[in-house]
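Enquirer: Since the structure of chain A is already known, use the hints to place chain B with the ligand on it.
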Amino acid sequence: MKILVTVKEVAEVEDEFQISGLDVDESYLEYDLNEWDDYAVEEAVQTSEENDDVEVVTVTIGPERSEETIRMALAKGADRAIRVWDDSLAGADYLSVEAKAELLAAVAEEEEPDLIFSGVQAADDSNGATGVALANKLDMEWAAVVNTLDLDIEGGVAHVHRELEGGIEELTDVQTPAVLTIQSGINEPRYASLRGIRQAQQKPLDVQELGDLGLDESTLESDVSRTSMYEPESESDATLWEGSPEETAGELADFLRDKGVVEG
Amino acid sequence: MTVLAITEHRRGELRDVSYEVITAGRELADELGGELHLGVISGDVDSFADDLNRDGVDAIHTVDHGEEFNHDVYAQAIPQLYEASGADVLLMPNTVNGLDYAPAVADDLDLPLVTDAIALDGGDTTEVTREQYGGKVETTYDVEADQYALTVRPAEWPQAEGDGDAEVGAVDVDIDEDAIGSEVTGFEEVGGGDVDITEADVLVSIGRGIEEEENLVLVEELAETLGATLSSSRPIVDNGWLPKNRQVGQSGKVVTPDVYIAIGISGAVQHVAGMKGADTIVAINTDPNAPIYDLADYGIVDDLFDVVPELIEEFGGEAPNL
Ligand SMILES: Cc1cc2nc3c(=O)[nH]c(=O)nc-3n(C[C@H](O)[C@H](O)[C@H](O)COP(=O)(O)OP(=O)(O)OC[C@H]3O[C@@H](n4cnc5c(N)ncnc54)[C@H](O)[C@@H]3O)c2cc1C
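Chains as they are written, first to last, in this note's numbering: chain A, 14 to 277; chain B, 35 to 356.
Careful: at least some of the hints might be erroneous.
[Stated by the list, open to error] Simulated pairs of lysine-lysine, DSBU-like, Cα-Cα distance not exceeding 35 Å:
hint, chain 1, residue 1, chain 2, residue 2
1, B, K170, B, K278
2, A, K272, B, K287
3, B, K170, B, K287
4, B, K310, A, K272
5, A, K15, A, K216
6, B, K287, B, K310
7, B, K310, B, K278
8, B, K310, B, K170
9, B, K278, A, K272
10, B, K278, A, K15
11, B, K170, A, K272
[Unchecked claim] Which bits of chain A does chain B cover? Going by a derived footprint, with three or more residues having C-beta under 8 Å, they are:
hint, region
12, 139-149
13, 212-219
These are computed hints drawn from the structure, not numbers from a lab.
All figures in this text were calculated on a predicted structure; none of them were measured in a lab.
Using N, Cα and C, we set each Cβ at its ideal position, and we do this for glycine too.
Next up, chain A with everything else stripped away, as it sits in the complex (with noise of 0.2 Å):
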């Protein structure tokens, strides 16, 4: 059986930040793992565990500086990763779901997997639509937001446990070859090991163009585009204390004093 991850490289923004065109200035941005990758790698690397012969494969559209986090997923027990990536996608300043549903979905139509792990989101433009669109490109079934998973492999059936609003959770029964969006708090994500570390310098990373995948740039061109970034003016009437931790705590002891929360 193949598993394979869509794993992306997130950008974090420091606190204090400047907007240069349409995206934060680069000097401002760090970049990690996505969080809800994070849990999806960690659930596929479970499935290989529990099971005989499962391989799982990541796949990630991204520059050459994600290596860094791909080998991290691969440290984590990922036995493979494909990197999509082209002067054409370098040059693209925006990447619509449509595009990245269209390029995941012709790494997965060679790859064929028997299941399609994706985070629920990504951190920084938070979509949440990719793992969905990219089911329905593959012709596969899916489920949103997936934070349990009971796999029954000969049955082709995945239990699924979709995470809804309020504390509720709904019991899906999917039919496999599917795609799940995974929810944190699925799984305990492990950290990289030292060896694993090592080990995933070995492991292979194979870097996709666009033509290898068979497509052209016509398939990053969209009807949406980014028009403007800015920060939002704050809507804040928040008092702000300022002093020492020793003032400003004094001064929401006050508050709380005076609201009665707290006697003395």
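Expert: Below, chain B with the ligand without anything else, positioned relative to chain A:
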């Protein structure tokens, strides 16, 4: 121009977002100069249609098929409703269920999709406002297509009110039962247990800023000193440091205490969904740009590891050594 908005229900009840998509859809239809249609799929569609027949709705299309949400039914029914209603814009809720069908429907209809809109501005090109980087920045997107799909964030638009005189009609859609590869088998409530954070008057709520499980004693001590109840954002629960019944937010509990002290919590939209009803919100966070400050009434921009021990001592408690 016609906007088709899809409504949502669960276990026999329409969800608030159903009335919000009416407001969002009506605004957009007005800007584009067109009609607002609603799609109501599965469940007691007739009584749902009655409730949804509010001011500004031009037509309601019902699809009587099954009791509960099933994404395969929605994914088949919506494209047919879209075609039948002559819609141009497809508006869907950015809920957990919306995320479970909207991308598939948009893909089937070959419509560009923009998710999680917090504002819409219809025109020659429709402008969609979204958040990025956990709410630290906003972005706008232009949609340069005549037909497109959007999902809208819950609780951003007010709920539509007032009686309407929409035309209500059942639509016969073709559902291929063989193409239904998923089946909802039930529901489960989670997060019962020892403490009910929804009952608390004062919540000390901790987020990822606490860094390590060992550091939790600090806020436990604070909660005890204040006679408050300890709650948290999601990562704390995901890490298994606190039980699920302590989680505040969209997928956790909705709380309405007199005082909510958010410590090391950024204020992501899914967290805010659970605590914005608090009477007074106090934030302690090192990041002055954290979205929690948009909500907070009072704030301390500083390191929680410096402030919380002082606060404990203010009330005669003893701050644990970390
Ligand atoms: C479908 C779905 C449902 C979700 N449901 C929920 C939900 O119910 N509840 C929920 O909370 N989340 C939920 N989330 C997750 C949500 O998107 C955020 O990831 C989460 O709320 C972030 O938690 P946080 O604020 O604790 O962490 P972060 O966003 O990482 O914020 C940590 C904050 O701590 C501050 N900080 C760091 N160190 C210090 C220090 N020493 N002193 C003071 N401040 C410090 C930082 O500046 C930062 O603002 C959901 C997500 C999805 C996709």
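Enquirer: Does each hint hold? Answer for all of them.
Expert: Now the hints, each set against the structure:
Of the supplied pair hints, the one linking K170(B) and K278(B) holds, its CA atoms being roughly 27 Å apart against a limit of 35 Å. About 24 Å separates the Cα atoms of K272(A) and K287(B), which keeps this hinted pair within 35 Å; it holds. For a cut-off of 35 Å, the pair hint linking K170(B) to K287(B) stands: about 24 Å separates their Cα positions. At most 35 Å may separate the alpha-carbon atoms for a hinted pair to count; K310(B) and K272(A) meet this at roughly 19 Å.
For the hint pairing K15(A) with K216(A), the CA-to-CA distance comes to about 16 Å; that is within 35 Å, so the pair holds. For a cut-off of 35 Å, the pair hint linking K287(B) to K310(B) stands: about 12 Å separates their Cα positions. This hinted pair checks out: K310(B) and K278(B) have alpha carbons roughly 19 Å apart, not beyond 35 Å. Distance hint between K310(B) and K170(B) is fulfilled; the C-alpha atoms sit about 18 Å from each other, no more than 35 Å.
Between K278(B) and K272(A) the CA atoms are separated by roughly 29 Å; this keeps the pair inside 35 Å, and the hint holds. Proposed proximity of K278(B) and K15(A) is supported: the alpha carbons are some 32 Å apart, at most 35 Å. Note on K170(B) and K272(A): the hinted pairing holds, with a Cα-Cα distance of about 31 Å set against a maximum of 35 Å. For a cut-off of 8 Å, the count of residues in the region 139-149 of chain A with a CB near a CB of chain B stands at 10, and the three-residue condition holds.
With a cut-off of 8 Å between beta carbons, the region 212-219 of chain A has 0 residues touching chain B; three or more are needed, and the interface restraint is violated.
Hint check: a violation occurs at hint 13 only; the rest are consistent with the structure.
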